[in-house]
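Can you make the complete structure from the sequences, with help from the hints?
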Amino acid sequence: NAGVTQTPKFRVLKTGQSMTLLCAQDMNHEYMYWYRQDPGMGLRLIHYSVGEGTTAKGEVPDGYNVSRLKKQNFLLGLESAAPSQTSVYFCASSRHNQETQYFGPGTRLLVL
Amino acid sequence: GEDVEQSLFLSVREGDSSVINCTYTDSSSTYLYWYKQEPGAGLQLLTYIFSNMDMKQDQRLTVLLNKKDKHLSLRIADTQTGDSAIYFCAESMIKAAGNKLTFGGGTRVLVKP
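In the order they appear, the protein sequences are chains C and Y. Per my numbering, residue 1 is the first one in the first sequence, and the count goes up by one each step. Per my numbering, residue 1001 is the first one in the second sequence, and the count goes up by one each step.
Certain hints may be false.
Unchecked claim - Distance windows between CB atoms, simulated: (1) M41(C) - K1112(Y): 20 to 30 Å; (2) Q17(C) - S1011(Y): 34 to 44 Å; (3) L69(C) - S1011(Y): 46 to 56 Å; (4) S1051(Y) - S80(C): 35 to 45 Å; (5) S1017(Y) - L69(C): 46 to 56 Å; (6) H96(C) - E1005(Y): 21 to 31 Å; (7) H1071(Y) - S18(C): 19 to 29 Å; (8) P105(C) - Q1059(Y): 22 to 32 Å.
To be verified - Going by beta-carbon spacing under 10 Å, a handful of chain C positions derived as facing chain Y: (9) A2; (10) Q6; (11) P39; (12) G40; (13) G42; (14) L43; (15) L45; (16) P61; (17) Y64; (18) F90; (19) C91; (20) Q101; (21) F103; (22) G104; (23) P105.
Said to hold, decoys possible - Each computed EDC-like pair below joins lysine to aspartate or glutamate, with the alpha-carbon atoms no more than 16 Å apart: (24) K14(C) - E99(C); (25) K1068(Y) - D1026(Y); (26) K1100(Y) - E30(C); (27) K1036(Y) - D1083(Y); (28) K1068(Y) - D1058(Y); (29) K71(C) - E52(C); (30) K1036(Y) - D1054(Y); (31) K1100(Y) - E99(C); (32) K1100(Y) - E59(C).
Quick caveat, the hints were computed from the structure, so don't treat them as lab data. Ideal Cβ placement from N, Cα and C applies to all residues, glycine included.
The structure is reproduced here in structure tokens:
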């Protein structure tokens, strides 16, 4: 049982490039989340999903898209990366609403 | 509105107790959490408390909740060097969909030998 995994661990992008971050969980959790962490600001919710095939916007969704085609995977896409998207991205999952969220190890993204 | 605040930094000597404080603004919070983040790692859930509780103890960790003042604290007894990390408090509220957490900015705890 690996829990929540994220790939890649680290990536450098040029402004305007696109990329997809992958989150996978093997706990059969219904809910999945993408956060970004910036210094002194804690974690902010980008998008979340309450089940396969569903997604919803969080606190800071602009510039990101997500998809949940399979229950175990939650993808975060950047169509045209900007330096303001330099951050550490964390994925999390929970079994149901109001249940504890379990976090992945993070993806560090640098946009030049 | 949703706002969670923490002090930025705490320095403590090994063997002493650490107390990390957190304030929140939304009185409809249902669960309050403490997460630990070690350098280069993700967030690890330490403990949580339901909003109708005043206190929860789990080994070296004691969580105190003052719902009237919207104040949450985490006490770590016999602090060890391995406790050096950033600690985040977070609140969650019953929403129509999704269990959205609101995080504080984190308190960096440095344990000195």
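Please write out, lowest number first, the hints stated earlier that are contradicted by the structure.
Structure breaks hints 7, 9, 16, 17, 24, 28, 30.
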